[in-house]
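Chemist: If you want the building blocks of each chain, they are given just below.
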Amino acid sequence: MGKKVLLVEDEPNIIEAISFILSRDGFTVHTHEDGMTVMDKLNVQTPDMIILDVMLPGRSGFDILRDLRADPRFETLPVLMLTARGQTHDRELALRLGANHFMTKPFSNSDIRDHVRETLAS
Amino acid sequence: MQSRPLRPIPGPVRGAISDAAAAGQAMLSFNLLIAVSLTYVAFLFAVAFAADRDAKRGRAGWVHSPLVYTLSLSIYCTAWTFYGAVGYAARSGMEFVTIYLGPTLVMVGWWWVLRRLVRIGRAQRITSIADLISSRFGKSRRLGVIVTLMAVASGTPYIALQLQSVTLSFGVFSGTGDDGDPYSMAVWVAVGLAIFTVLFGTRKLDANERHHGIVMAIAVESVVKLLALVAVGVFVVWGLAGGPAEVLDMIDDATLPEWDLRPGRWASLIFLSAAAFICLPRMFQVLVVENADERHLSVASWAFPTYLFLMSLFVMPIAVVGLNLMPEGANPDLFVLTLPLSQGQNGLATLSFLGGFSSATSMVIVATIALATMVSNHIVMPLWLAASGGEGPVRSGDVRSVIVLSRRLSIAGVLALGYFYYRISGGGSALAAIGLVSFTGAVQVLPALLGGIFWRGATRRGAAASLIVGFSLWVWTLFLPSFGMGAILPETVMQNGPFGIGWLRPEALFGIAGLDPLLHGMMWSLALNAAAFFVFSATSFPTPMERLQGAQFVDVYAHSAQSGAWLGSAATAEDLLIMSQRILGATQAQALFQAEAAAQGKGGYLPDVTQQFVQTLERELAGSVGAATAHAMIGQLTQGANVTVEDLMAVADEAAQILEYSNRLEAKSAEQARTARALQDANEKLTALSVQKDAFLSQISHELRTPMTSIRSFSEILRDEDMTATEKARYAGIIHAEALRLTRLLDDLLDLAVLENGQVQIYRQTGTLSDILDRAVTAAGVPRTKLKIERKRSREDIVLTTDLDRLAQVFINVITNAAKYCDAPDPVLRIVVRQGGSGHTVDFIDNGSGIPVVKQAMIFEKFSRLGGESREGGAGLGLAICREIMERLGGSITYLPGQGGGGFRVVLPASIALAAQ
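Chains as they are written, first to last, in my numbering: chain A, 1 to 122; chain S, 1 to 917.
Hint data in this document are derived by calculation from the structure and do not stem from the laboratory. Worth double-checking, as some hints may not be accurate.
Here are some chain A residues pointing at chain S (derived, C-beta under 7 Å) [to be verified]:
hint, residue
1, N13
2, I14
3, A17
4, M55
5, A84
6, K105
7, P106
8, N109
Below are the DSS-like pairs computed for lysine-lysine, each with C-alpha atoms no more than 30 Å apart in a straight line [as the list claims (entries may be wrong)]:
hint, chain 1, residue 1, chain 2, residue 2
9, S, K728, A, K4
10, S, K820, S, K855
11, S, K855, A, K41
12, S, K693, S, K855
13, S, K728, A, K3
14, S, K685, S, K855
15, A, K4, A, K41
16, A, K3, A, K41
17, S, K786, S, K855
Sample of chain S residues lacking proximity to chain A, with all beta carbon distances greater than 10 Å (derived) [claimed, not checked]:
hint, residue
18, A527
19, Q761
20, V853
Idealized CB from N, CA, C, for every residue including glycine.
Input sequences plus hints: build the corresponding full structure.
Modeler: Okay, structure coming up:
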């Protein structure tokens, strides 16, 4: 049973691409598309890592990250932030809010795979 | 007296003195005398300097004592009195006493006139008698000039007289007979006096024209001359005559000419000297201008008569003893000097010389300052200001230096005039006669002066008439004849009148002949002067300014508080601090006061109120409230000065200027506020724009990167991974779809950019609305969806002339949205066309849930998605493009709320539909 990765992303083609890459590498990918209900999902099932898009319907990825870090259960949960806006202040904000890593779309498949491997290796 | 000129010592007599002195081996060295004089002058310098310095530091108690004030009044006793009184007594007996009785009567009986003058002088900050007259009569510049000219004309001969007496007394000691040039000595005396006067009279500019140093110096000189005269008197009475009893016997035995009293002449002379005591410019200077405290007058009212009494006490004994002891023909005017000399009393003679020297110098210095102040203030400065473009009394340092220069030149000018008068008149008989003539000239101011301070009805015209009539008569009847028969007025004029008009003869005006010329001139000039004053005053109306000033002068006690000492106490410093804090602000005022206190070596915030401090403070305040206001305020506090009408006007002027300035500032600041608001608005807009631009770029970035992400990711998968053919086809399909999405997005962006920039080309074509809607429904791919369209074609038969493609684009967009977002199970879109006067409306109404109210305002903005999600592939630019297109076509597209579903209304303007009608 591979480690569980929760992918929070609303763009179907991107979900499919990331899921394909990580599944091939042996990880279990769960996906969630709506920003409003992410926390509910986490209460049911805690993943080993989260890949979080910034621009989500309902709620921004930053708000979700803030909630995660405020919750003792998810304080140390590895979070990889993805954004398509590509601005530096998004990166800074993400890291300040406690993201472990930040990637700009479009990303290289190998980068995502390597980062997830690295994060979940221990 | 004018008929008994002071004569130079005849050569033989001088020789006799020299012989006697030579015989006694006791003749003073002339050079030693020069040295003594210079030392004395240096001593006076030191006194004056110390007084100035202490006054500046505020430790001026000794300078401002009533005693000094009293002593300074003794400049009334000039060299003419010092030397001449004895000569006068020798020739006319007791008549010389009239010269002392006049001032005594003024001090004792008329002190209330003086007090009023002093109060007015203080309240109005009067700087000279010309200033007083000019100020009283509505600040008349012309009156100031007239009084100044009169003062210079009547004062110059008097200065010449002093030069002569100093020169003469030097001559007595030089013993060189007549071969020496008395004029070169006079030149040196004049130059020396000019330097001394300039040094101490104009070292600093004081708005009040006070000269502490000089007042102190002349006080010292007055002591010296009293001591000298008393010493000679004591020597004569006890040393030569053998005691008072013997002297009285000698007086009884003396057969003096005209020993009898002539009541008319006595009364006239007493009146004349009394009036002159008030009117002489130099007396006005010490009495009023230099007065530090009104209360000093009460001391002076008994102390000064005492001084005069002491000065006159030994006159008669010296005269009688001199007449007895000195050789026949010896000049009694010089008995004071020659008696001690003839007895070998060199020390006493030197003291006597210094007494005479003091009398002359103190008179000349004060008279010169007084005259120079008038000349400078009333003649030179107005001319300079007029010449410099009439910029008005500016307060720059530049003008100060001009004022100082003008004073100095005036001093030099007055002394030069005195010297030239001395030369022209020959330094002889005419000069000696000028004393009382000069008095009479000065006294011409009296009617205007007294009328001005006691009579509200006095007017400028009255004063001008009074001065001009009096002055002219004085010049005609006394001044011109005083040069001597034929000197200026031809003898025929004197004998027969001008042009043979007998009743205009200078010494027998209006046919009244046979009078004493002095009495004659005095009577006519003063009588007609006063008459003109009253007649012209009564027949003219004062200007408002005159009335105000008149009230200030006549009711001076009502308008001014009891004025205390000029230099204030700590209480005044406190008052100044309180006032300054109001104007400068507490911090700055306290800092200023503390710094001043520290500079004076004191702690705390209350420095001594020295003149320097007051000036500094006034300058500071002037920076805030204007010079006139500052001066008035400080004057009020430090000097109890009443604020004059002029002050008030200047203040009002300043206030008006400040008001105007602040109004302009206000207008400016309102303008600035508007500008600031505009700038702020612009800034906000820019910021908003910039935020929008950032948001827009951010959106574009997002919209572009999202399909790119899929494309890149799947192309990498296709490249790197092994997969089934089905998977390959699927992923290639995704890449293709995302590439199309990208293209569409770029098309929309470009389209919007072109529309927004107004660069879009409108291709007008003609077609029917019905055809365009058909095209749009087909293009939107409606047939491939389950969306049903309801139309009433009969209403769509409208011919339009517009850009049909663009209009179709709008319809396509709206129909596509309905197809995408209508969430009804059986979606229906009704297209309703209405014709109206102002145009046609095409409504697109579906049966879905519509757009939430909160989003309705946003839907036409860029990147706002109707569904809120990007899944449908639109970037949220469609409706923004529609809005731009409709604007270009002259119509509009709006959301139509309350239709039970989503609704859009497209309005087509009547103009593009004209062809249909």
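Chemist: Indicate, hint by hint, whether the structure satisfies it.
Modeler: Status of the hints after comparison with the structure:
1. N13: 4 Å, holds
2. I14: Holds, because the Cβ-Cβ distance from A/I14 to chain S comes to roughly 5 Å (cut-off 7 Å).
3. A17: 4 Å, holds
4. M55: Holds. Min distance 6 Å.
5. A84: 4 Å, holds
6. K105: 4 Å, holds
7. P106: Holds. Min distance 4 Å.
8. N109: 4 Å, holds
9. S/K728 <-> A/K4: 26 Å, holds
10. S/K820 <-> S/K855: 17 Å, holds
11. S/K855 <-> A/K41: 28 Å, holds
12. S/K693 <-> S/K855: At roughly 21 Å apart (the allowed maximum being 30 Å), S/K855 and S/K693 satisfy the hint.
13. S/K728 <-> A/K3: Measuring from Cα to Cα gives roughly 27 Å; hence the hint holds.
14. S/K685 <-> S/K855: 23 Å, holds
15. A/K4 <-> A/K41: 13 Å, holds
16. A/K3 <-> A/K41: Given pair A/K3, A/K41 holds - Cα atoms ~17 Å apart, limit 30 Å.
17. S/K786 <-> S/K855: Holds, because 26 Å separates the two Cα atoms, which is no more than 30 Å.
18. A527: 104 Å, holds
19. Q761: 34 Å, holds
20. V853: Holds, because the least Cβ-Cβ distance between S/V853 and chain A comes to about 18 Å, which exceeds 10 Å.
The structure is consistent with each of the numbered hints, conforming to all of them.
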